[in-house]
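Asker: In the order they appear, the protein sequences are chains A and B.
Per this note's numbering, residue 1 is the first one in the first sequence, and the count goes up by one each step.
Per this note's numbering, residue 1 is the first one in the second sequence, and the count goes up by one each step.
For the record, the hints were derived by calculation from the structure and aren't laboratory data.
Among the hints, a few may not be true.
Unchecked claim - Calculated cross-link-like contacts (lysine to any residue; reagent style SDA-like; alpha-carbon spacing at most 20 Å):
{"no.": "1", "chain 1": "B", "residue 1": "Lys417", "chain 2": "A", "residue 2": "Glu257"}
{"no.": "2", "chain 1": "A", "residue 1": "Lys125", "chain 2": "B", "residue 2": "Met370"}
{"no.": "3", "chain 1": "A", "residue 1": "Lys73", "chain 2": "B", "residue 2": "Glu409"}
{"no.": "4", "chain 1": "A", "residue 1": "Lys114", "chain 2": "B", "residue 2": "Arg373"}
{"no.": "5", "chain 1": "A", "residue 1": "Lys164", "chain 2": "A", "residue 2": "Arg201"}
{"no.": "6", "chain 1": "B", "residue 1": "Lys376", "chain 2": "A", "residue 2": "Lys73"}
{"no.": "7", "chain 1": "A", "residue 1": "Lys114", "chain 2": "B", "residue 2": "Val380"}
{"no.": "8", "chain 1": "A", "residue 1": "Lys125", "chain 2": "B", "residue 2": "Asp397"}
{"no.": "9", "chain 1": "B", "residue 1": "Lys401", "chain 2": "A", "residue 2": "Ser123"}
{"no.": "10", "chain 1": "B", "residue 1": "Lys38", "chain 2": "B", "residue 2": "Ile150"}
{"no.": "11", "chain 1": "B", "residue 1": "Lys376", "chain 2": "A", "residue 2": "Glu117"}
{"no.": "12", "chain 1": "A", "residue 1": "Lys73", "chain 2": "B", "residue 2": "Lys5"}
{"no.": "13", "chain 1": "B", "residue 1": "Lys376", "chain 2": "A", "residue 2": "Glu257"}
{"no.": "14", "chain 1": "B", "residue 1": "Lys6", "chain 2": "A", "residue 2": "Gln79"}
{"no.": "15", "chain 1": "A", "residue 1": "Lys114", "chain 2": "B", "residue 2": "Gln399"}
{"no.": "16", "chain 1": "A", "residue 1": "Lys114", "chain 2": "B", "residue 2": "Lys6"}
{"no.": "17", "chain 1": "A", "residue 1": "Lys125", "chain 2": "B", "residue 2": "Glu375"}
What the hints assert, rightly or not - With the C-beta cut set under 7 Å, the calculated list includes, among others, these residues of chain A facing chain B:
{"no.": "18", "residue": "Thr24"}
{"no.": "19", "residue": "Ala25"}
{"no.": "20", "residue": "Ile85"}
{"no.": "21", "residue": "Gln120"}
{"no.": "22", "residue": "Arg121"}
Stated by the list, open to error - Label pairs and their in silico Cβ distance ranges:
{"no.": "23", "chain 1": "A", "residue 1": "Val171", "chain 2": "B", "residue 2": "Gly36", "range": "49 to 59 Å"}
{"no.": "24", "chain 1": "B", "residue 1": "Gln241", "chain 2": "A", "residue 2": "Met205", "range": "44 to 54 Å"}
{"no.": "25", "chain 1": "A", "residue 1": "Arg200", "chain 2": "B", "residue 2": "Arg373", "range": "21 to 31 Å"}
{"no.": "26", "chain 1": "B", "residue 1": "Val112", "chain 2": "A", "residue 2": "Glu241", "range": "33 to 43 Å"}
Note that beta-carbon positions come from the ideal geometry of N, C-alpha and C, so glycine has one too.
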Amino acid sequence: MNQDKLFVGTDVGASRTKVAVIDTARKLVGYAVRKSGTNFTATADACLKEALEMAGAGKERIAGAISTGYGRKNVSYAQQTRTEIGCHAKGCFLYFPMAITIIDIGGQDNKIIKLDENGQRTSFKMNRKCAAGTGAFLEEMSPRLDIPLEDMDGLARKSKDMVKLGSFCTVFSATEVLENIRNGKKVEDIVKGLFYSVIRRIIEMDSFTENVVMTGGVVEHNRYLVTMMEELIGRKILVPEHPQLTGAIGAALYALEADAVYRDA
Amino acid sequence: MTEEKKVVIKRLESAKVLGKFMADYYYELDNASKTGEKKVAWCTSVGPAEILRAMGFLVYFPETHSAMLGSSRMATDLIPKANAIGYSPDICSYLTADIGAYLEKVSPLAKVFKGIEGPPKPDVLVFNTNQCRDVQDWFAFYAKEYNVPIIGVHSFVGVQDVTEAHVKSVAKQMEEMIPTLEEVSGTKFDIDRLREAVALSRECSDLWKEVLDTAAAVPSPITFFDGTTLMGAAVVGRGTQKANDAYRVLLKELKERIERKEGALENERFRLYWEGMPVWGRLSAHAKLFASLDACVLASTYCNSWIFSALDPKDPFTSMARAYTELFIVRADAPKEKYIRDMIEFFKVDGIIYHDAKTCPNNSNCRYGMPQRLEKETGVPYLTINGDLNDLRLISDEQTKTNVEAFIEQLEERKAK
Ligand code: SF4
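The shape of chain B in the complex, shown without the other chains (with noise of 0.2 Å):
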C-alpha cells in the first residue's frame, strides 16, 4: 500500500511573539469592555482604524473573530443559526459565523484566552464597504443588537484608476465621522494624535510589506500559510508601536533563515502563488497537503491585503482615502491582474491556486475569466479550488486533493521537458 508522505511543517520562532501580541491585544479589549476605562471602537478589516486609534478607542475586529471561528472549526455548526435568522447561507460567512456564535453566545477567544468570555461589547461600530457590502449589513445587525451608533464610509467598487474624485469622496466621508466619535469617545480630534498613528501604521505597512517580500528569497523563508496567522497583528494592531515591534523580531527570524539558505520547506520545488481567501478551517491540512507535495506557497493577494503604502502622516485624511481605495479588492480586473503580474515576477511563480470562496465574491478573482486571462499572458498555469473561508460544507477536501495534485503533477511534467 502506498504511504501518505508524512511532513513536518517548520514553526516560526517568532510566532511566539505575535502570538503573544494578540495575547496582550485581546485581554486589553476585554478589560476595556468589563470596567469601560477605554471605549471600544468595532472596525472592519481594511477600514479607518487609524482616526480611531488617534480618538483613543481601542480597536476590535470582528473579521479575525470570524476567521478564529473558522480555524477553530466552529464556524460550520453556527452559521446555520444566522441562516435561520435570515442571514443566507450564500452569504458571508464570516458575518454568518460571527452572528450564529453572538446567538449561541460562544466564542474562540474563551477557548484560547482564560478569562476571557467572547468579544469585548461596542460603542460604536465603523465600517467602509471598500472590501464588500456585507460589512455593513453585518455591523448593521449588532448596532441593533448592542444599541450603539454605526458610522461608515461607502466606497466605490472596480476602480480602475484610483482619481482624486475617488480621494476626496472618502476623505471627506473620512472627516464627516469626527463629531460622532467625538461624542462617543468624549475626545476632542486631535490632528497630531491622527499623524501619529497613520505614521505607525505606515511602519507597520512597510515592516509587513518586508516580511512578506522575504518570499522572495529561492526557497523562501515564509509560506502563506504562516502569513494568515502572522498576519493578525498587521490587521489588529497597525498603529501601534507593539506591532512594529513584533515584525520587526518576525523579519530578523526570516533574514536569518535567508542568509543559511533555510527554506520553509524541507524541499521547495515549486513556487505558488495564491490568489483568495484561506480555507480558516483546512489551514494546517492545506499547509501539510502542499508541503508533502515540496510545493511551497509563498505569496498571496490576501495576505498583501495589510499593505497601505501610501499612508502619509503629513496628510493624514487623505492619504488613508488613498490606501483604503488602492487596495486590490476595490479595483478593476485589469489593475487586478497588472497586480497579480508583478507579484508572479517578483516571487518568481510557477503556478497560481485560485480559491473560489462560495459566500465571498469579493475574494474570489476567477470569475470573470481572470486566471484564463493571465495564463495566455504570463503562461504561468493555474487551477481553481472550490470552497469557502469558513464554511466547511462548501469543501470536499478529497477533490481539493485530487485536483493539486494533479496540479503538482502537471508542472512536474512541465518541469521535466
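Pulled out of the complex, with its shape left as it was, chain A reads as follows (with noise of 0.2 Å):
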C-alpha cells in the first residue's frame, strides 16, 4: 500500500462547496468549505488549494478525485462523479458502520438515506420542490427577523415558550412569523419555532429506524436542530466530528476504492 496517495472528495453543494482529502487509511487530512458562489469550478480549485495545505502535501500526491453535489459536473480535477446520496451514505457509514437513517440538511434540500448493516443503501428521499426545511428557510428567515444566521442556534436554545408555526411553505411561514412579530413574541421563541418547523418537515418526509445520523451544513452550525429532534423522536442521534463533510469524505472514499493500486494491495 502507498502510503503517499491521498484522495479528494468534492461536494459541489448549491450553497457551499466543500473538499475533503483523505488518505490510504481513510483519515481526514485536510479539508476546506467555501460558498459555492457562481463560479463552481473556481471555488473548487480554491478548495482544494486549502485542503491540501492543511493536509502539508502537493498536488501530485492525489491518486484519485471525485466530485458530487449540485456542481459536481464542474470540478476541472475530478475524474469521475457520484451522487451526493451515494457520497453522504458512504461518509456517514464510515463513521457509523451499522444500519443507519441519515438525515442531511443542505442549504437546498433535504435527504433521508437508508442504509442496512452492511452500508448498503435500501431507500432514499429528497424533500420536494419547496424549501420549507432546508437551510434555505432559516436564510430566508433570518433577514426578516434581522439577526444574523450564526446568532439562531444561541437564540432558539434561551426559548422558553416557542411560537408554532403551522405552515408548509416558506412564503406562509414567513407571514405567520411576521403575525406573531406583531403580536409581540419573543424572538427566541419564534426562532425555536423555525427550528422546529425545520423538523417537522423532515419527519414528514420519511420513517426513521433506529440508528439516526444527522449531517449537513445546517447541523454543522446549528446543533440545536439535533437536541430538538431528539426530544421528538425520544431517542439519541448521532452526529459525525464534520457533518458537513460527509458528502465530500464519501467523495473521497468512493476514489480510494476506485484506485487500481489500494485495491490490488
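Build the complex from these two chains, which are given one at a time in their own frames, with help from the hints.
Answerer: Put into C-alpha cells, the structure is as follows:
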C-alpha cells in the first residue's frame, strides 16, 4: 500500500463547496469549505488548494478525485462523479458502520437515506420542490427577523415558550412570523419555532430506523436542531465530527476504492 | 472535468408509418371540420369511441392535443391563461393547457401539419369519467363555447372487483347515448356497425399488447419513451383498419430486433418500469437520461392503458362497459398492485419509477402507500420523482437527474452484491 497517496472528494452544494482529503487509511487529513458562489470550478480549485495546504501535501500526491453535489460536473480535477446520495451514505457509514437512517439538511434540499448493516442503501428521498425545512428556509427568515444566521442556534436555545408555525410553505411561514412579531412574541421563541418547523418538515418525509445520523451544513451550524430532534423522536442521534463534510468524505472514499493500486494491495 | 456521456437514441423505422397514420388522421379531421362532410365527435381517451365510429363520426381526442402541447413545450405558457379564467393550476394540466391554447387560438397541430390551424370543431362531446372528473369539466367548457351537446358515461371509481352491477350500469349509460348521437349524426344506429368497430378495436388492442409485450425480451427492443409516441394510433385510431395495419408493421420490426438480439439501448444493464404519466416536455431528455445510465425504461402502466382485452363483438355494449371499467385507472389499490406485480414479473423489472404528477392524482399511484407496499412484497426498489405531465413549472430537472442517478447507483450496488 502506498501511504503517500491521497484521495480527494469534492461536494459542490448549491450553497457551499466542501473538499475533503483523505489518506489510504481513510483518515481525514485536510478539508475546506467555501461559499459555492457562481463559479463552481474556481471555488472547487480554491477549496482544494486550501485543503491540501492543511494536509501539508502537494497536488502530485492526489491519486484520485471524485466530485458530487449540485455542481459535480464543474470540478476540473475530478475524474468521476457520484450523486450526493451515494456520497453521504458512504461518508456516514465510515463513522457509523451499522444500519442507519441519515438525515442530511442542506442549503437547498434535505435527504433521508437508509442503509442496512452492510452499508447498502435501501432507500432514499429528497425533499420536494419547496425550500421548507431546508437551510434556505432559515436563510430566508434571518433577514426578516433581522438576526444573523449564526445567532439563531444560540437564540433558539434560550426559548422558554416556543411559537408554533403551522404552514408548509416558506412564504406563508414568513407571514406567520410577521404576525407573531406584531403580537409581541419574543424573537428566541420565534426562532425556536422556525427550527421546529424545519424538523417537522423532515419527519414528514419518511419513517426512521433505530439509529439516526444527522449531517449537513445546517446541522453543523445549528446543533440545537439535533437536540430538538432527539426530544421529538425520543432517542439519541448520532452526529459525525464534521457533519458538513460527509458528502465530500464519501466522494473521497469512492475515489480511494476506485484506485486500482489500493484495490490490489 | 467529467464529461456527460453522449447518448444516441435509436429510432424505429416504423415510427414513420405511425407518424403518417397520425398525419392522415388529423388531415381527415381537419377536412371534415372545414367542409362539414363528416360529423366530428370529441371523445375522452378511454371513452366509448367504438360507438362514435359505428355512427359515422370522425373521432377527435383532446388529450392527444394536450400531450402535443406538452411535448412541444407550449403548455407551460398556456396553462396560466386558463388559470386566469378560473381553472386552478392544481387541476389537470391537460385541461388547463388545452383551454389555454383555445383562448390564445394556438395549436401545435398548426406547427406540425401544414394547412391545419387547430383542432376540428366538434358536433358532439362524449366523455367517460372512468379516468377522472376533469374530463367532464373540460368538455363542459367546450360544450358552451361551441354550443354543442355534451353526453357521457359516469363511471365508478376505486373499483375492487368489476361486478355485473358495474357493467350493467355502464352499458346502460352507453346505450342511452344513442338517441343524441343519432340526432347529431343523422344516422340510424346499426348494431352490426358497432360490432365491426368493436372487432377492429379489439384487434388493435391485441396488436398493441403484442407490441408492448415485446419488451419482455432481453434486451428490450422498445422503450417506454418510444411507446408514448407510438401509442397515438391505439388511442385515436382504435376501431379503424388503418391503425391495425400500422401496428403490424411496427410489430414486425420489433420482432426482427428481438431475433437479432438488438436492444432499444446499446447496453441494457437495468430494466425499469414507469408508473404514471410521462413528463411530455421532457420526453427526450428523460429518454437520454436513462439511456446514459444504461437503464431501459421498458414498460409502463400508461402505455398499457389502451389494451382492452374484454372487447367482444358478440356483445358490444356489455363488453365495452367491462373493458372500460376493468382499466387500471378505474380500480382500487389492491387490483392495481396485483397488476403491477404481474408486470414486474412478466417484464423482469429491476426497479420502478413512480411519477408523482402534481396535477393528475388519477395517474399518480404513489400517494396511498403503494410503492412501499409493493417494494415490501416484491423486493423491487422504487424511486418517486415529482413532476407533472404538462406544467414544467412543477419540475426540477436537477432534482430528477440526481434522483435517477442515485437510484441507478443503488441498483448497481445491489447487483454488485
Ligand atoms: S386522467 Fe389526469 S391527465 Fe388525464 S384528463 Fe384526467 S386529470 Fe387530466
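Asker: It remains to establish, for every hint, whether it holds in the given structure.
Answerer: We went through each hint and held it up to the structure:
no.	hint	in the structure
1	B:Lys417 x A:Glu257	holds (15 Å)
2	A:Lys125 x B:Met370	holds (16 Å)
3	A:Lys73 x B:Glu409	holds (17 Å)
4	A:Lys114 x B:Arg373	holds (17 Å)
5	A:Lys164 x A:Arg201	holds (13 Å)
6	B:Lys376 x A:Lys73	violated (35 Å)
7	A:Lys114 x B:Val380	holds (16 Å)
8	A:Lys125 x B:Asp397	holds (16 Å)
9	B:Lys401 x A:Ser123	holds (16 Å)
10	B:Lys38 x B:Ile150	holds (18 Å)
11	B:Lys376 x A:Glu117	holds (18 Å)
12	A:Lys73 x B:Lys5	holds (12 Å)
13	B:Lys376 x A:Glu257	violated (31 Å)
14	B:Lys6 x A:Gln79	holds (17 Å)
15	A:Lys114 x B:Gln399	holds (19 Å)
16	A:Lys114 x B:Lys6	violated (32 Å)
17	A:Lys125 x B:Glu375	holds (15 Å)
18	Thr24	violated (22 Å)
19	Ala25	violated (24 Å)
20	Ile85	holds (4 Å)
21	Gln120	holds (6 Å)
22	Arg121	holds (5 Å)
23	A:Val171 x B:Gly36: 49 to 59 Å	holds (52 Å)
24	B:Gln241 x A:Met205: 44 to 54 Å	holds (52 Å)
25	A:Arg200 x B:Arg373: 21 to 31 Å	holds (25 Å)
26	B:Val112 x A:Glu241: 33 to 43 Å	violated (59 Å)
Violation of the numbered hints given earlier is confined to hints 6, 13, 16, 18, 19, 26; the remaining hints are satisfied by the structure.
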